[in-house]
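Novice: Full structure from sequences and hints, please.
Residue numbers (my numbering), protein chains in the order written: chain A, -11 to 195; chain B, 155 to 662.
It is worth saying that the hints were derived from the structure and are not from the lab. Every clue listed holds true.
A short, non-exhaustive set of chain A residues, derived as facing chain B with CB atoms under 8 Å: (1) Ser54; (2) Pro166; (3) Arg186.
Residues from chain B that keep clear of chain A, each with C-beta distances beyond 12 Å, as calculated: (4) Ile249; (5) Met269; (6) Asn275; (7) Glu329; (8) Asn392; (9) Thr398; (10) Gly415; (11) Trp529; (12) Asn568.
Derived, one-sided and incomplete: chain B residues facing chain A with beta-carbon distance under 8 Å: (13) Asn180; (14) Lys207; (15) Glu257; (16) Ile259.
Please read these numbers as outputs of a predicted model, since none were measured by experiment. Cβ coordinates follow ideal geometry from the N, Cα and C atoms, glycine included.
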Amino acid sequence: MIIPRTIRRFKERREFKDSPYAHLFETYKGDEVVSLDCETTSLDVKKGEILSIGAVRIRGRRVITSERLDIKLKPPASLTGDSIKIHKIRASDLADGIDIDEALEQVLEFVGNRPILGYCVNYDIKMLDKYIRPKYGFSLPNKAIELSHVYHDIIKWKTVGGDVDLRFDTISKKLDIPIIQRHTALGDAITVALMYVRLKFGAPLAD
Amino acid sequence: MSESFNMDNLPFSLLSAKEQAQLNNNLDIAYFQKGETIIAAGEVPEGVFIVLKGKVGESDGSEPLDQDAITGNVFVHYQDEDYFGGWSVLNGKAIHNFIAVEETICHVLPTRTLMDLIHSNPLFADYFQQNLTAKREIVAQHGQNQDMAEFMLARIEDGTIREPLIVLEGTTLFEATRMMREMKADCVLAKKGNRYGMVTGTDLLDAVIIKGMPLESDVSDIASYRLISTTPQDYLFNALIMMTQQQIERVVVMNGQELVGIVELTDVLSHFSSHSHVIGLRVERAQTIEDLREASKGLTDLIKALISTGVKIRFTMELLAAMNGRIIAKLFELVIPHDLKPHVCLIVMGSEGRGEQIMKTDQDNGLIFREGLEWPEMAETMKKFSETLISFGFPPCPGNIMVSNPEWVNSTGNWANKLTNWSQKFDGESVMKLAIAVDGKPVAGNAALFKVARNAFLRSLRSNEIFFSHFAKAALNFDTPLTFFGNLKDKGMLDIKKRGNLPHCSWH
Chain A
-11 MIIPRTIRRF KERREFKDSP YAHLFETYKG DEVVSLDCET TSLDVKKGEI
39 LSIGAVRIRG RRVITSERLD IKLKPPASLT GDSIKIHKIR ASDLADGIDI
89 DEALEQVLEF VGNRPILGYC VNYDIKMLDK YIRPKYGFSL PNKAIELSHV
139 YHDIIKWKTV GGDVDLRFDT ISKKLDIPII QRHTALGDAI TVALMYVRLK
189 FGAPLAD
Chain B
155 MSESFNMDNL PFSLLSAKEQ AQLNNNLDIA YFQKGETIIA AGEVPEGVFI
205 VLKGKVGESD GSEPLDQDAI TGNVFVHYQD EDYFGGWSVL NGKAIHNFIA
255 VEETICHVLP TRTLMDLIHS NPLFADYFQQ NLTAKREIVA QHGQNQDMAE
305 FMLARIEDGT IREPLIVLEG TTLFEATRMM REMKADCVLA KKGNRYGMVT
355 GTDLLDAVII KGMPLESDVS DIASYRLIST TPQDYLFNAL IMMTQQQIER
405 VVVMNGQELV GIVELTDVLS HFSSHSHVIG LRVERAQTIE DLREASKGLT
455 DLIKALISTG VKIRFTMELL AAMNGRIIAK LFELVIPHDL KPHVCLIVMG
505 SEGRGEQIMK TDQDNGLIFR EGLEWPEMAE TMKKFSETLI SFGFPPCPGN
555 IMVSNPEWVN STGNWANKLT NWSQKFDGES VMKLAIAVDG KPVAGNAALF
605 KVARNAFLRS LRSNEIFFSH FAKAALNFDT PLTFFGNLKD KGMLDIKKRG
655 NLPHCSWH
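Specialist: Written out as structure tokens, the structure reads:
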């Protein structure tokens, strides 16, 4: 998946050179990262629809929660039984949600060309691409940072031969990071951001 | 953001929903490694930090940053939703170092937002200032809490510094001891080169008796040169914390490099105790009714301050009962001519007599005077007494059980007769009056008069067994506010005093 995405990005970068979205394709030079999370109705990208999007910027070792994105969307038709049990978002909670088009504008504006951080970040990017591609004609070109990879790269030296437990709750426990409202888009985004900062700047992990 | 930030804690719970939203929108989260400096002394901090996880130590800026943690020169540790840096923010500059003792995640509330909130919410501002033991300017605006503020804001230079006894290197133990005795000092500073070392009485004892050092030994050899020091501008409160944490009894006051003096634990403690009892003292010292009125007003603030700082209600009740008792007694002293005091006795009754009240309750009081006392102005004086109490904020008794009512002003013999009469009549009113009267407690004047009257009454009761059964019956007359199934009869409403408490009080 990595290579086709890189090629596609080159292609689209040329195509959109003169569009208002050209800046999205520029290589990012700053020190910010955007931690992003979507709550959806299904873990299957094809079936799923987005319910809410949360994002915060990370600047250096600081999680800038004062600059954040906390979007609720209009309740989609697929919002039924099973997923409600996980994210506990009901249609009535989304009563004042906004249109997906407006949400995408806000996301592009907020993220810009910064790298996107997430837990299973490819899922969230694919989910957004599902809506972005038909509307804008390109996919998100941003560099993706997968939290569990960052974690794995650091932890693997200590667990020779064994599998590394990459579950969200395990990582947060290992890193001793409080989980801030699991299964809300913004809460997960902040938790992931904290785990990232911890991994990036913190002391070596205790066993 | 709201989900990670706990708004239930003071002072943030004082904010309105709108202000909390404003707070939320401006919070950041910062991550600090172990040993990292969050705010350095002398720097302008970016805001108030609220610990989400981890531990932060506050230490003075006197030693190099990384030394503080090692020398244990830390005043306070902050963790679990404690906040710090508020003082520094409001002061514009930090005077202490704040260093992460372990890995720490903090919420950061930027200065600008904090200022906005302080301006929009006086209660929040108040709490912030009280809890931070600082904020002179806000205290000036809210002059009400002057006493509490005085107590919190006392600085070391406010008159507790002692002149140190300094001896030069080469002074013998004998000489040093003699000088300490002459100067009535219990410690001496030995100067060795540019440094000062502390020698206490205990040090001298140890040196001579335990270590067997000769009296001619140099005193600078037994001095300890690692002095714990503070500045004249620091809060006395901090000095107390320092002493407690270091388990020492003296702190050296340094102004830059210059030695100013020594602060002793006993001085600090006496300073604090005189302030926390300041209202009690003011009551005692009151020379006029006006003085007393002022002191009485302060009591309300004291109780509020105590409760807001988390002192248990039961203890504040006891304090309050004692204080109100003293105010009443003092007023009585001020109102009653001096030569009449041995001949009268003021009693309080009801909840006040039982010490069960919170804030000020109705005045239920009465006067007992010696048989055959001649005092024409008695009624007038008693009226004035009751009225003054009302003006102090003690509400009048609805049943008119007050000294301004002649029915409750009696000679010892009459009082005993009245009690006996009530105990022999079994109508509701008599029983009630008796119930109130037996709770009586002398508070001012000659308590012996009260005892005489009560003993006379108790003697008459001994032969009256019917009385007890009737007295108990009064308790049963109170209607039980419960249904057969144990629910409340009036849905959602219960007069706790009348339906719950009174039958119980009458029983015993």
